[in-house]
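> Below, each chain spelled out in residue letters.
Protein chains: 2
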Amino acid sequence: MAVPVKLTGMVLNLLTILFLFVCVMNFPAFSEARVRRYKWELKYEYRSPDCFSKLVITINGGTPGPTIVAEQGDTIVVELKNSLWTENTAIHWHGIRQIETPWFDGTEGVTQCPILPGETFVYQFVVDRPGTYLYHAHYGMQREAGLYGSIRVSLPAGISEPFEYDYERSIMLMDWYHKSAYEQAAGLASIPFKWVDEPQSLLINGRGRFSCSSLASCNESNPQCTPYSLTVIPGKTYRLRISSLTALSALSFQLEGHNMTVVEADGHYVKPFVVQNLFIYSGETYSVLVKADQDPSRNYWATTNIVSRNPKTTPPGLAILNYYPNHPRRSPPTIPPPGPVWDHVSPRENQSLAIKARQGFITPPPKISDRMIVFLNTQNRFNGFVRWSVNNVSFNLPHTPYLIALKQNLLHAFDQTPPPDGYDFKNYNIFDVAPNKNATTSSGIYRLDFNSTVDIILQNANTMNVNNSETHPWHLHGHDFWVLGYGRGKFDIYNDPKNFNLVDPIMKNTVPVHPYGWTALRFRANNPGVWAFHCHIESHFFMGMGVVFEEGIEKVGKLPSSIMGCVHRP
Amino acid sequence: MAVPVKLTGMVLNLLTILFLFVCVMNFPAFSEARVRRYKWELKYEYRSPDCFSKLVITINGGTPGPTIVAEQGDTIVVELKNSLWTENTAIHWHGIRQIETPWFDGTEGVTQCPILPGETFVYQFVVDRPGTYLYHAHYGMQREAGLYGSIRVSLPAGISEPFEYDYERSIMLMDWYHKSAYEQAAGLASIPFKWVDEPQSLLINGRGRFSCSSLASCNESNPQCTPYSLTVIPGKTYRLRISSLTALSALSFQLEGHNMTVVEADGHYVKPFVVQNLFIYSGETYSVLVKADQDPSRNYWATTNIVSRNPKTTPPGLAILNYYPNHPRRSPPTIPPPGPVWDHVSPRENQSLAIKARQGFITPPPKISDRMIVFLNTQNRFNGFVRWSVNNVSFNLPHTPYLIALKQNLLHAFDQTPPPDGYDFKNYNIFDVAPNKNATTSSGIYRLDFNSTVDIILQNANTMNVNNSETHPWHLHGHDFWVLGYGRGKFDIYNDPKNFNLVDPIMKNTVPVHPYGWTALRFRANNPGVWAFHCHIESHFFMGMGVVFEEGIEKVGKLPSSIMGCVHRP
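Respectively, the protein sequence lines represent chains Z and E.
The first sequence begins at 0 in numbering that gives the first Met the number 0 and counts up by one.
The second sequence begins at 0 in numbering that gives the first Met the number 0 and counts up by one.
In short, the hints are calculated from the structure, not lab data.
Check each hint, because a few of them may be wrong.
Said to hold, decoys possible - Sample of chain Z residues lacking proximity to chain E, with all beta carbon distances greater than 12 Å (derived):
| no. | residue |
| --- | --- |
| 1 | Thr85 |
| 2 | Ser189 |
| 3 | Gln199 |
| 4 | Ile232 |
| 5 | Thr399 |
| 6 | Asp414 |
| 7 | Phe430 |
| 8 | Pro434 |
| 9 | Lys497 |
| 10 | Pro514 |
To be verified - DSSO-like mimics (lysine-lysine), calculated; alpha carbons at most 30 Å apart, straight line:
| no. | chain 1 | residue 1 | chain 2 | residue 2 |
| --- | --- | --- | --- | --- |
| 11 | Z | Lys311 | E | Lys178 |
| 12 | E | Lys436 | Z | Lys42 |
| 13 | E | Lys178 | E | Lys80 |
| 14 | E | Lys38 | Z | Lys80 |
| 15 | E | Lys355 | E | Lys366 |
| 16 | Z | Lys436 | Z | Lys366 |
| 17 | E | Lys193 | Z | Lys178 |
| 18 | Z | Lys178 | Z | Lys193 |
| 19 | Z | Lys406 | E | Lys80 |
| 20 | E | Lys42 | Z | Lys178 |
| 21 | E | Lys406 | E | Lys557 |
| 22 | E | Lys406 | Z | Lys80 |
| 23 | Z | Lys42 | E | Lys557 |
| 24 | E | Lys42 | Z | Lys193 |
| 25 | Z | Lys355 | Z | Lys366 |
| 26 | E | Lys366 | Z | Lys80 |
| 27 | E | Lys436 | Z | Lys193 |
| 28 | E | Lys554 | E | Lys366 |
| 29 | E | Lys497 | E | Lys366 |
| 30 | Z | Lys193 | E | Lys290 |
| 31 | E | Lys178 | Z | Lys42 |
| 32 | Z | Lys42 | E | Lys42 |
| 33 | Z | Lys80 | E | Lys80 |
| 34 | E | Lys436 | E | Lys80 |
| 35 | Z | Lys178 | Z | Lys311 |
| 36 | Z | Lys38 | E | Lys193 |
| 37 | Z | Lys497 | Z | Lys355 |
| 38 | E | Lys497 | Z | Lys178 |
| 39 | Z | Lys235 | Z | Lys178 |
| 40 | Z | Lys193 | E | Lys178 |
We put the beta carbon where it would ideally sit given N, CA and C, even for glycine.
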């Protein structure tokens, strides 16, 4: 295996240098791109992130895994050794567009075969833009088993951000279950359906606090669950790179008594706005600026709370905002702020509307689109199983990855009928439980004209429960999209597009569709490859809430053999 | 994939018919061989075999899986669909020699690549001899996750067994853990070592009884844990095919108030002898004859007890021997018999010595052997991990299966240095903890001259604990061996062979080596292929207690492509 990977690597490096050369022409300075090599080993190990001991997937012993720190234009090489016993894996580099390397997107069933136990798989790709990105397993429900982490791409030396700060810190948010991902998956795929319920705790930088009480496998004095302490120097300004990779939960995040100025979202500069609570959905990243301008004689709470769903028994996640030189573990003298009311939708809608591109960094969207696809988000049944669907089709991931099937013309590998571009707009009542709850399933995909401009309308609706509509954060692989608008109720295909923001829309890769609302996106199908677009709630994707786009497959280069382990040939 | 398998299937069928034709020449009658097709699907599902609800691997919904029932000479075709989410699998057909189909032995890392989720793998092999056989996962610790079952091969119509009975029934024995195989494996591969401890219950035909008391996920009225009831008609004689696939435990089995006459072991006829307790080790099968000759007005207990290890909190496994027409669930009026004392070794040694081939069915062993290999069984440390070793080498399974590596000359795939044929006979004290506990690890194998006769001496020793030596049941793939003798203490290479039983030794595929004792085996290396030989305690093999033999690799036919999924090529 080693030889072809090395050859591919050489070709990639040449392409990278060429590509960078083209890219940096716009920038005033140019520091040479580097190759950053990581050697990672995946294992199952016992860890106690919230004091409860549980088998988790670690990278080099940790969960979350190591942060990838790079400069724009660098090439990242991750040699990933799968030392799980019987379980395969694949890692997605979330927010990295994988231009010219669509085979290293890490999406099992879409861009690669799974990586077998004992195998070492080499991911190699260029981080072509500065910003805050993520990585996580994209196979089964391994993300919530602990396989996740951050990618931080800085500007080359000599180039400044359009805002000032003294230091930067990363904040990774996660919700945490005590049941294994296996047990959760078994419940989701059972008749009767067995919901995993709300998480047991929320983690900030991999640390949370479950009230152990009488549980044998729980120990509140385990150092692994000591709350994270964010130490700041009074008077200094901090850039916090805040990310969420929750399995389920929409979150708010706040720093007691401090304002946060949002300046980056999913790698794009934001027209600054101030929040006390930052709402963040699974798969999103933000940078906020915080000045340590409060009474320096004490510490403050950093808290995260569940919103959009009733948190029931899930306690808030707590960390300590530590003003130096106070002791980093000294509890603040106050009780933690309660966080926003979980079922108030307007504050969250308002934040969504506030996120626009920063002046001077606006990439204007094409004025018109070539195709509009409306995705009705519904909860359904199929053969008695509870499923999620778009346009009444529940997605079924095939076992031969689309990228391979399409390049090699393996037509039997997936359903050749594309799923529909819309639903019964006129008659479907999005505010009510559907009279016919049944969906179909398909592995069919959307084939997009290369370089065409595509509008996506995410249309939310009522679930199978009366008066219930959930928030779904949708994530697009291989692209950023412009966020053209949000609205309440049913999207009006004639009138709502008139109000699209074509002036300063933010570009993102993950965006929520709010309860009973719609979200409008636009993107250019200009990245040859096959790309998943799905709800980032891990159980929702597991239950079929996703689609796949193909574009420019004929422009995709020679696939590396390392991705093809599951495709048998005589 | 379908096409090459079908082609292979056709070739196999032709070979099968040819082979059968040669075989049946010795038999007085010949009923036509049939192809028996099975479609199996593996899933993770919640089951409560001992009243405690746990995620298990099911075949078509059950654990144990369906019994394969065939006649001698039949071809078995199992289309195995792996519907586990992220986990591979492989199934070994235990006791089936796979003559001319060494690639379908189902031993991951030895004879095939693992079967990926979503894949359908077709096993196809001939059951060439009557007898009681087994199947089970041979990958990670999936056997104890519930993936196991029986194979029952009867004589062709018109041919009789050399003993008489009215009916036959199968009894499958298993020990059962509440922790997942993942949690168990994680403990075994941890520093400090975390032993899984004794099982929570013993299952008879997949049913046991855990005292639920206050456990939430336990329900004593769940019908899945209703004790098995073996209904007999007074006066009739029953052939019980008793098998064990325990993860760990050596067992005794008894039928309260009834004698059992042992007539078959591992598919070979035994010179009949009578027992009240049948000792049975993981991987063994026996047939016993039982006459329902006791007071028919009541039911009796069928019990299984742990021997060789202190059972601590593991309760006996219970079933009901139901005399028709009493109610099958009526409890016997007696308390269950206590079973033999767990740490008395002599009764178990005596049973081993009593098992000889039946007159008229003796296959005489070659009088001399070409090679003798002594395997010292020890518990060791390697890099701080607790391991098991033979001759101080702890076995490391490679990820490219030996069969493929050897056929395709992939020399890098495993250590080319063979492990040693013996140990320091003179100086090693088998009765004491070794002064140097450290072992090495290797994936090296033993290469045997084709058609040579090989003697194996299993030499037991003290573990890393003072005054402790465990029983290890060793299982050989691809062959039966003659059991030439058992002894206490250190095998005397000069004098003990003089007492080998060359007159009427039983042939078996699994045999125990008793604490501080030795067991002598002989086999002909006449089955082209690559074959594992290992302790059948699942955790011991996981921790390195095994070896691999190669013989006649140049005579192995073209490997089917379906076994090669893990071997990447440019």
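> It remains to establish, for every hint, whether it holds in the given structure.
Here's how the hints hold up against the structure:
1. Thr85: 4 Å, violated
2. Ser189: It is violated; Z/Ser189 is separated from chain E by about 7 Å at its closest Cβ, not greater than 12 Å.
3. Gln199: 15 Å, holds
4. Ile232: 39 Å, holds
5. Thr399: 9 Å, violated
6. Asp414: Z/Asp414 clear of chain E: closest Cβ-Cβ about 15 Å, beyond 12 Å.
7. Phe430: 35 Å, holds
8. Pro434: 32 Å, holds
9. Lys497: Since the minimum Cβ distance to chain E is about 45 Å, Z/Lys497 lies beyond 12 Å and the statement holds.
10. Pro514: 30 Å, holds
11. Z/Lys311 <-> E/Lys178: Since the Cα atoms of Z/Lys311 and E/Lys178 sit roughly 28 Å apart, the hinted pair holds (cutoff 30 Å).
12. E/Lys436 <-> Z/Lys42: 26 Å, holds
13. E/Lys178 <-> E/Lys80: 25 Å, holds
14. E/Lys38 <-> Z/Lys80: Violated, because 34 Å separates the two Cα atoms, which is more than 30 Å.
15. E/Lys355 <-> E/Lys366: 17 Å, holds
16. Z/Lys436 <-> Z/Lys366: 38 Å, violated
17. E/Lys193 <-> Z/Lys178: 20 Å, holds
18. Z/Lys178 <-> Z/Lys193: Satisfied, since the Cα-Cα distance of roughly 13 Å is no more than 30 Å.
19. Z/Lys406 <-> E/Lys80: Given that 30 Å is the threshold and the Cα spacing comes to 26 Å, the pair holds.
20. E/Lys42 <-> Z/Lys178: 18 Å, holds
21. E/Lys406 <-> E/Lys557: Holds, at about 9 Å.
22. E/Lys406 <-> Z/Lys80: Holds, at about 26 Å.
23. Z/Lys42 <-> E/Lys557: 36 Å, violated
24. E/Lys42 <-> Z/Lys193: 16 Å, holds
25. Z/Lys355 <-> Z/Lys366: 17 Å, holds
26. E/Lys366 <-> Z/Lys80: Status violated; Cα separation ~50 Å.
27. E/Lys436 <-> Z/Lys193: At roughly 48 Å apart (the allowed maximum being 30 Å), Z/Lys193 and E/Lys436 break the hint.
28. E/Lys554 <-> E/Lys366: 26 Å, holds
29. E/Lys497 <-> E/Lys366: 11 Å, holds
30. Z/Lys193 <-> E/Lys290: Roughly 48 Å between the alpha carbons, so the hint for Z/Lys193 and E/Lys290 is violated.
31. E/Lys178 <-> Z/Lys42: 18 Å, holds
32. Z/Lys42 <-> E/Lys42: Satisfied, since the Cα-Cα distance of roughly 23 Å is no more than 30 Å.
33. Z/Lys80 <-> E/Lys80: 27 Å, holds
34. E/Lys436 <-> E/Lys80: Violated, at about 43 Å.
35. Z/Lys178 <-> Z/Lys311: 17 Å, holds
36. Z/Lys38 <-> E/Lys193: At roughly 27 Å apart (the allowed maximum being 30 Å), E/Lys193 and Z/Lys38 satisfy the hint.
37. Z/Lys497 <-> Z/Lys355: 18 Å, holds
38. E/Lys497 <-> Z/Lys178: Given that 30 Å is the threshold and the Cα spacing comes to 59 Å, the pair is violated.
39. Z/Lys235 <-> Z/Lys178: 41 Å, violated
40. Z/Lys193 <-> E/Lys178: 20 Å, holds
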